[in-house]
Structure formats: structure tokens, C-alpha cells
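**Q** Assemble chain H onto chain A, guided by the hints.
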Amino acid sequence: MKPVNQKAWLMILPVVICVAFSAILPLMTVVNYSVQDIISPDRRVFVGTDWFKQVMRDDDLHAALIRQIGYSLAVLLVEIPLGIALALAMPAKGWRSSAVLVLVAISLLIPWNVVGTIWQIYGRTDIGLLGATLQKLGLDYDYTGNPRHAWLTVLAMDVWHWTPLVALLCYAGLRAIPDAYYQAASIDGASKLAVFRYIQLPKMRGVLMIAVLLRFMDSFMIYTEPFVLTGGGPGNSTTFLSQYLTQKAVGQFDLGPAAAFSLIYFLIILLLCFILYTWMQRVGTVNEGETSHG
Amino acid sequence: MSRIDLDLAHAYKPNPQADDDYALLPLKMTFEDGGAYALLGPSGCGKTTLLNIVSGLVKPSQGTVKYDGVDVTARTPQERNIAQVFQFPVIYDTMTVAQNLAFPLRNRGVAPDRIKERVGRIAEMLEMSHQLDARAAGLAADAKQKISLGRGLVREDVSAVLFDEPLTVIDPHLKWQLRRKLKQIHHELKLTLIYVTHDQVEALTFADQVIVMTRGRAVQVGSASDLFERPRHTFVGHFIGSPGMNLLAARWSEQGLEVAGRVVAGRAAAEGVKAATLLGVRPEYVTVAVPDTPGAVPVTVDQAQDIGTYWLLTTHAADGSRIRARLHPHQAIPRAGDTAWLQINGPHTCLYENELLIESGGQPARGVAA
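Residue numbers (numbering that gives the first Met the number 0), protein chains in the order written: chain A, 0 to 293; chain H, 0 to 369.
Pulled out of the complex, with its shape left as it was, chain A reads as follows (with noise of 0.2 Å):
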């Protein structure tokens, strides 16, 4: 018989010791707070599901799931093509290109707070160029006041922030077709559109699917710039779930409904994540029996 080794436990006891800190713990801590009702630091009561009731039949909540949805959509609706379009546009050779993937990069490596100041102020309409602009077009523009307006600025701030990943995975897409693709296409009397069609867009699916992952996950979980933009107003115009939640653990104290509503985000974004990576996956395996012919 094969002699058994347990010394392999003792080898992965730190990787445990430090996903028990750092993902197991806080998780069974939320998991404690949501089926508990903590009146005091030492009177607590175990009040069961009665938290996961409440949050599921809070209307705020379904308003900023909803409001969540719609924006990550826009998100991804406007992000996507302007991307696209932009990576097309770029040049591709050169000493422009590489003028044009800094000037482009740029906003990438600003700090989400400094975004959120930045439009704060550029939306203003005493001093800020885009609010005063706006206003002297005799455009009625107020985002601290139109919730229309205010949605409308927070979109605008992350198409101005994010576009530019959409762009660069586009432009490494891009660079990444042979030339004989562009050469039979033109041979085979392809117009501008149809090589879009039929070779760049085809080829730039397996970035494209990164892009739309990352720019779906990352405006899903949105929090710093509008906390900062508009602080979830006017109302509760630009709340969105994260903002949400905090206004509920850390502004009402309500700790066992934020435990629970907690969890469900939780799984909304587990779910959310499963989804488009099997598709990720899926679309990953075609173009890779794809590659490994070509």
C-alpha cells in the first residue's frame, strides 16, 4: 500500500490562515449580524430570517436594484461602441500612436475620489467649464438639483473615466489581426463596413467579452464617485446599491438589515459573475478551436 503523507495539510495551513482572515471570518461575521437584532454591545437577540424578509420587501431597496440595473446597462451601452470607435480611430503605427495611447490612458490613472471632485467641480455652474458652459448655451443645467441631470453627470463621469480600457483592450484587439485579413478583404472587394463587420468586430470578440465583464462588474459595485459627485442625490436619484447599503450599516446603524442585504449583493454578484464567465468560457473555447487552426 501507498504511504500516506499528511505533511501536505501543514503546507496549505497558511494559504487557509489567510483566506479564513480575510474572506471566511468577515463573511461569517456579516452572516452573524443578519440573523441577529443588536439592540447594545451586549444585548442581542437571534431574530432568525426577519432581516432577509424586511430587506426583501424594502421598495428603496428594489428602487436602487433597479436603478443599479439601468445604469450599469447605460454604462455598458454607451462605453462599449464609444470604445470601439475610438480603438478604430487611433492610429495604428508610429510615434502618434504612442502619443495617443498615453493621452488616452490618461483618466485610467486617476484616483476614483480625485474623479469624482474633478467632475464635481467641472459640473458646477458658477465655476466649473462644463456647468457654466451649459448654462451660458441657456441650458437650464443643475445636477445638484435635476435628477435627470444628476444621472446624467454621473454616466458622463464614468463614460469619461472607463472608456478608455474599453478603447486600449479594443486597440490590443485590433493590432492583434494579421494584415492578409485587411489584404483579402480588400481583394475580395470588401467595403469599410463589411471588414468591421465580418473581420475586426468577429476578431475583437474575445477582448470585447473583457471589457464588458470588467466595465459591467466594476459599475455594478460603483461607490467613491458618485458618494462624492452628488452624495446618492438629489433625492435618491444616482443611490446606488453600494451606496445604499453603507447608508444603512454605517449612516442608520441598522446592522442586521445591512448584514443581510449585504449577502444578497453578495450573491447578486456571485450570480451575475457565474453567468458571464461560463459565457466568457463559452465564447473562450470557440475562439480558441479557432486559433489553434489558423
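Among the clues, some could well be false.
Stated by the list, open to error - Straight-line Cα separation of at most 27 Å, DSSO-like style, residue types lysine-lysine; simulated pairs:
{"hint": "1", "chain 1": "A", "residue 1": "Lys92", "chain 2": "A", "residue 2": "Lys202"}
{"hint": "2", "chain 1": "A", "residue 1": "Lys92", "chain 2": "H", "residue 2": "Lys58"}
{"hint": "3", "chain 1": "H", "residue 1": "Lys12", "chain 2": "H", "residue 2": "Lys65"}
{"hint": "4", "chain 1": "A", "residue 1": "Lys191", "chain 2": "H", "residue 2": "Lys58"}
{"hint": "5", "chain 1": "H", "residue 1": "Lys189", "chain 2": "H", "residue 2": "Lys27"}
{"hint": "6", "chain 1": "H", "residue 1": "Lys115", "chain 2": "A", "residue 2": "Lys191"}
{"hint": "7", "chain 1": "H", "residue 1": "Lys182", "chain 2": "H", "residue 2": "Lys115"}
{"hint": "8", "chain 1": "H", "residue 1": "Lys12", "chain 2": "A", "residue 2": "Lys92"}
{"hint": "9", "chain 1": "H", "residue 1": "Lys65", "chain 2": "H", "residue 2": "Lys182"}
{"hint": "10", "chain 1": "H", "residue 1": "Lys58", "chain 2": "H", "residue 2": "Lys27"}
{"hint": "11", "chain 1": "H", "residue 1": "Lys115", "chain 2": "H", "residue 2": "Lys189"}
{"hint": "12", "chain 1": "A", "residue 1": "Lys92", "chain 2": "A", "residue 2": "Lys191"}
Said to hold, decoys possible - Pulled from the structure, derived: some chain A residues nowhere near chain H, Cβ distances all over 12 Å:
{"hint": "13", "residue": "Ile16"}
{"hint": "14", "residue": "Ala19"}
{"hint": "15", "residue": "Pro25"}
{"hint": "16", "residue": "Val29"}
{"hint": "17", "residue": "Arg42"}
{"hint": "18", "residue": "Leu72"}
{"hint": "19", "residue": "Ala98"}
{"hint": "20", "residue": "Ile105"}
{"hint": "21", "residue": "Phe215"}
{"hint": "22", "residue": "Val227"}
{"hint": "23", "residue": "Gly234"}
{"hint": "24", "residue": "Gln246"}
{"hint": "25", "residue": "Asp253"}
{"hint": "26", "residue": "Leu270"}
{"hint": "27", "residue": "Cys272"}
Stated by the list, open to error - Derived CB-CB ranges, DEER-like:
{"hint": "28", "chain 1": "H", "residue 1": "Arg74", "chain 2": "A", "residue 2": "Val99", "range": "27 to 33 Å"}
{"hint": "29", "chain 1": "A", "residue 1": "Ala104", "chain 2": "H", "residue 2": "Glu354", "range": "50 to 56 Å"}
{"hint": "30", "chain 1": "A", "residue 1": "Ile126", "chain 2": "H", "residue 2": "Thr72", "range": "58 to 64 Å"}
{"hint": "31", "chain 1": "A", "residue 1": "Ala104", "chain 2": "H", "residue 2": "Gly43", "range": "34 to 40 Å"}
{"hint": "32", "chain 1": "A", "residue 1": "Arg281", "chain 2": "H", "residue 2": "Thr72", "range": "46 to 52 Å"}
{"hint": "33", "chain 1": "A", "residue 1": "Trp278", "chain 2": "H", "residue 2": "Gly43", "range": "43 to 49 Å"}
{"hint": "34", "chain 1": "H", "residue 1": "Pro171", "chain 2": "A", "residue 2": "Val99", "range": "35 to 41 Å"}
{"hint": "35", "chain 1": "A", "residue 1": "Ala104", "chain 2": "H", "residue 2": "Thr72", "range": "38 to 44 Å"}
{"hint": "36", "chain 1": "H", "residue 1": "Glu354", "chain 2": "A", "residue 2": "Lys92", "range": "37 to 43 Å"}
{"hint": "37", "chain 1": "A", "residue 1": "Trp94", "chain 2": "H", "residue 2": "Thr75", "range": "23 to 29 Å"}
If you are wondering where the hints come from, they were derived from the structure by calculation, not from laboratory data.
All figures in this text were calculated on a predicted structure; none of them were measured in a lab.
Here a beta-carbon is modelled for each residue, glycine too, at the ideal position from N, C-alpha and C.
**A** The following block gives chain H in isolation, referenced to the frame of chain A:
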């Protein structure tokens, strides 16, 4: 379909000075309507550049490209109406085989009925009829390359079909099949075909006329037998054939032509030739001779290899020059270490000066411009 005249030179760099700056040195060439041509040469000799100039993907830095006498130098591939097949299969991933084949026709606004008919015919020709509705992306490399070929052949009115090493990615046994297919298509459709390759077997079996290129120069245009029997340039001599031509240092003396100190031809040199020359003889025409036969040289055998249908003898003469011979297996084969006499002078022996043919089979070469 058209006759293609080239009179051009090309450099990728601006302001070319030395010969090395040119991808293609000045050349004049004609591709007759309906001919099958091969551009043969090692990597980097300029054959793909030449092909891309014919197709219009590259614009020559000097000179003109004419189709049927009309200057098309400034026209795009589309306007020249040529078809080109590349080294690696180019297919449109999202389309089926049929859609791929129809693409060049659809872009030109051909009527759907006509497209269907042409696609069906080409698919039949390429034996792909059963795969028409399959997604092109899922096919094997050779099937993909067949689609590329098919897209090149689907238009009837093309001026020429150009192939840029199209069989590189294909398995050897399929290569034969596809090449035969191409040859057959050439007979059926009477298209002008230009085929780039670095494989001499491919070039010699495919084309009526082979253009041998080296270092940006087209050194010989000819049929397979021309290239074999009378290589007009030493490069053609050693590039064509397996192994290539023996090229031996020779000199004219008062006794005649000497190789390794032995007189191989007892006649006087032609007028105006230099004393030092190069004698070329193909291994196929080198024979084992009785000692002291006129025209034979004594050699030491280094190696005798059985190649299957023939024996390959590798030897060296007294001056160290290497002589190879292909011998029939039924004759007596000298062993390694033996001394043998090899006959190197015969009707197929060529003489070269400055890499160019000056004499073959004892006759001055005609039409050799220095």
C-alpha cells in the same frame, strides 16, 4: 483575364542608392494571358513583393504595371479585379462556407441566383459541396485554405489569380491533391495564375513558366527543363535540383579547360572569356569513368548514401572542390575512401562567368546579357 506587363523597381526605403536598398531591382517581365507562372526563390528574395505589386497591394516606387497595355499602377486590387490567396488561410469567422465563397460576389452586387450557381460550381470543384452550410471557423486548416482558394476563383472575370505560398500550412498528402486541383482548374478556366513558392517541386509541377528570383532580381524565366538543363545563373544551378548543380573552379590554359589540375576539355577558350571560370554540371550528369578518360577527374569519395531510387556520392577533387553525383543503384557504387574517376564534361556541362552562363554543352550561350 489579361496580359500583365511589368517594368519597374521597388524599394521600401525612400531614396535607394545601393542594390541592397532595393526589394526589387529594375526588371521587365510579361505574364501572358492564361499562363501558369511560378515565382520561385528563397525567403526574402522579393517574390512576395513582386506578387503584391502585381495585385496592387504594394505600389512600386518606380515604373509601371500594365494590364492589357493599360497602366494600372495607381489602381487598387479591387479596381484591377485580381484575386489573391495568402499563405495563411483568411476566412470570415462568422460566416458559413457558402457565405465565405459568396462574399466577393456579394460585395460586387452580383445577382443572388448567379451567386448561388457560382458558389455551387466552385464548391463542387473543390469538393466542398457537403460542407457549404458548415461554419467556416470550425474547419481544419486545409479546408480553410480551400475556402480561400475558392474565394479567389469564384469570380469569373478576374484579371489573374495570385497565390502567395498557399500550401504552406497544408499537410503534404493534401498538398499534392490541392496542387493537382489548381492545375486542373487552370486547364478548365484558362485563368492567368501566378504562384509564389520557395519549393522547387511545387513551382516546377505547377507552372509552365518559372521565374527564379534571388536578392531582388529575376535571374531566369523558363520552363522546368530550361531551368534544369541550362541554368542561366549559378543561383538557378544550385537552387534547382536536389542536390543542386556542382559548381567547380576551372581555368583555361594552353591545353584547354582545366579542373583540379586535369584537362577536361582539350580545346581553346572562346574569344574574350576570362581564364578563370566556373564549370557547372548537375549530379545527374556526372558519371563514374575509367581512369584517365578524357574529361574525367580523379576524386576521393567522402560519402556514398542510398537515397532509395538512387545513390548520392559526395566526393572531393585534388583541389578540394566538392563534386556530387547521382548514380543508378544497379551500377557499381564506389565506397567511402575509394578513389574514383568522375566524368564531368558532357553535353550538359555549363560554364559561368560572373555568375552568368557563357557556354553550355560546348556552345556559347545565346541571349545572355551581362
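**Q** Hint by hint, say whether it matches the structure.
**A** Going through the hints against the structure:
1. The suggested pairing of A:Lys92 with A:Lys202 holds, with an alpha-carbon distance near 19 Å, which does not exceed 27 Å.
2. A hinted pair counts as satisfied when its Cα atoms are at most 27 Å apart, and A:Lys92 with H:Lys58 qualifies at roughly 19 Å.
3. Of the pairs offered as hints, the one joining H:Lys12 and H:Lys65 holds, with about 24 Å between alpha carbons and a cut-off of 27 Å not exceeded.
4. The straight-line distance between the Cα atoms of A:Lys191 and H:Lys58 is roughly 21 Å, inside the 27 Å bound, and the hint therefore holds.
5. A threshold of 27 Å between alpha carbons decides the hint, and for H:Lys189 with H:Lys27 the separation of about 24 Å falls inside it, so the pair holds.
6. A C-alpha spacing of about 24 Å is found between H:Lys115 and A:Lys191, which places the hinted pair at or below 27 Å, so the restraint holds.
7. Taking the CA atoms of H:Lys182 and H:Lys115, the gap is about 24 Å. The hint holds against a cut of 27 Å.
8. Proximity of H:Lys12 to A:Lys92 is assessed by CA-CA distance (about 16 Å); at most 27 Å being required, the pair is judged to hold.
9. Distance restraint check for H:Lys65 and H:Lys182: the Cα-Cα separation of roughly 25 Å lies within the 27 Å cut-off, and the hinted pair is therefore satisfied.
10. A threshold of 27 Å between alpha carbons decides the hint, and for H:Lys58 with H:Lys27 the separation of about 16 Å falls inside it, so the pair holds.
11. Straight-line distance between C-alpha atoms of H:Lys115 and H:Lys189 comes to about 22 Å, which keeps the hinted pair within the 27 Å bound.
12. Note on A:Lys92 and A:Lys191: the hinted pairing holds, with a Cα-Cα distance of about 19 Å set against a maximum of 27 Å.
13. Residue-level check passed: A:Ile16 sits 47 Å from the nearest beta carbon of chain H, beyond 12 Å.
14. Once the 12 Å rule is applied to beta carbons, A:Ala19 is consistent with being away from chain H; the minimum gap is 46 Å.
15. For A:Pro25, the shortest C-beta to C-beta distance to chain H comes to about 45 Å, beyond the 12 Å cut-off, and the non-interface label holds.
16. Even its closest Cβ contact with chain H, about 45 Å, leaves A:Val29 beyond 12 Å, as expected for a residue assigned away from the interface.
17. Look at A:Arg42: its CB is around 64 Å from the nearest CB on chain H, clear of 12 Å, so calling it non-interface holds up.
18. For A:Leu72, the non-interface assignment is confirmed: its Cβ lies about 25 Å from the closest Cβ of chain H, beyond the 12 Å cut-off.
19. Look at A:Ala98: its CB is around 23 Å from the nearest CB on chain H, clear of 12 Å, so calling it non-interface holds up.
20. With a least beta-carbon separation of about 34 Å from chain H, A:Ile105 lies farther than 12 Å from that chain, consistent with its non-interface assignment.
21. Every CB of chain H lies more than 12 Å from the CB of A:Phe215, the least distance being 23 Å, so the non-interface label holds.
22. Every beta carbon of chain H lies more than 12 Å from that of A:Val227, the smallest distance being close to 43 Å; the non-interface claim holds.
23. Non-interface status of A:Gly234 relative to chain H is upheld: no Cβ of that chain comes within 12 Å, the nearest being about 46 Å off.
24. Every Cβ of chain H is farther than 12 Å from the Cβ of A:Gln246; the closest lies at roughly 47 Å, confirming the non-interface assignment.
25. At roughly 51 Å from the closest C-beta of chain H, the C-beta of A:Asp253 stays outside 12 Å, upholding its exclusion from the interface.
26. For A:Leu270, the shortest C-beta to C-beta distance to chain H comes to about 30 Å, beyond the 12 Å cut-off, and the non-interface label holds.
27. Annotated as non-interface, A:Cys272 keeps its C-beta farther than 12 Å from every C-beta of chain H; the closest such distance is 27 Å.
28. Against the hinted window of 27 to 33 Å, the Cβ-Cβ separation of H:Arg74 and A:Val99 comes to about 32 Å, which satisfies the hint.
29. Separated by about 55 Å at the C-beta atoms, A:Ala104 and H:Glu354 satisfy the suggested range of 50 to 56 Å.
30. The hinted range of 58 to 64 Å is satisfied by A:Ile126 and H:Thr72, whose Cβ atoms lie roughly 60 Å apart.
31. Between A:Ala104 and H:Gly43, the C-beta spacing of about 37 Å keeps the proposed range 34 to 40 Å intact.
32. Between A:Arg281 and H:Thr72 the beta carbons are some 49 Å apart, a value that agrees with the proposed interval 46 to 52 Å.
33. One distance hint, 43 to 49 Å for the beta-carbon pair A:Trp278 and H:Gly43, holds here, with the actual separation near 45 Å.
34. Separation of H:Pro171 from A:Val99 is about 46 Å and departs from the stated range, judged on CB atoms against 35 to 41 Å.
35. Take A:Ala104 and H:Thr72: their Cβ atoms lie about 41 Å apart, and the range 38 to 44 Å holds.
36. Between H:Glu354 and A:Lys92 the Cβ separation comes to about 38 Å, which falls inside the hinted range of 37 to 43 Å.
37. Remark: the range hint 23 to 29 Å for A:Trp94 to H:Thr75 is upheld by a beta-carbon distance near 28 Å.
Checked against the numbered hints above, the structure violates only hint 34.
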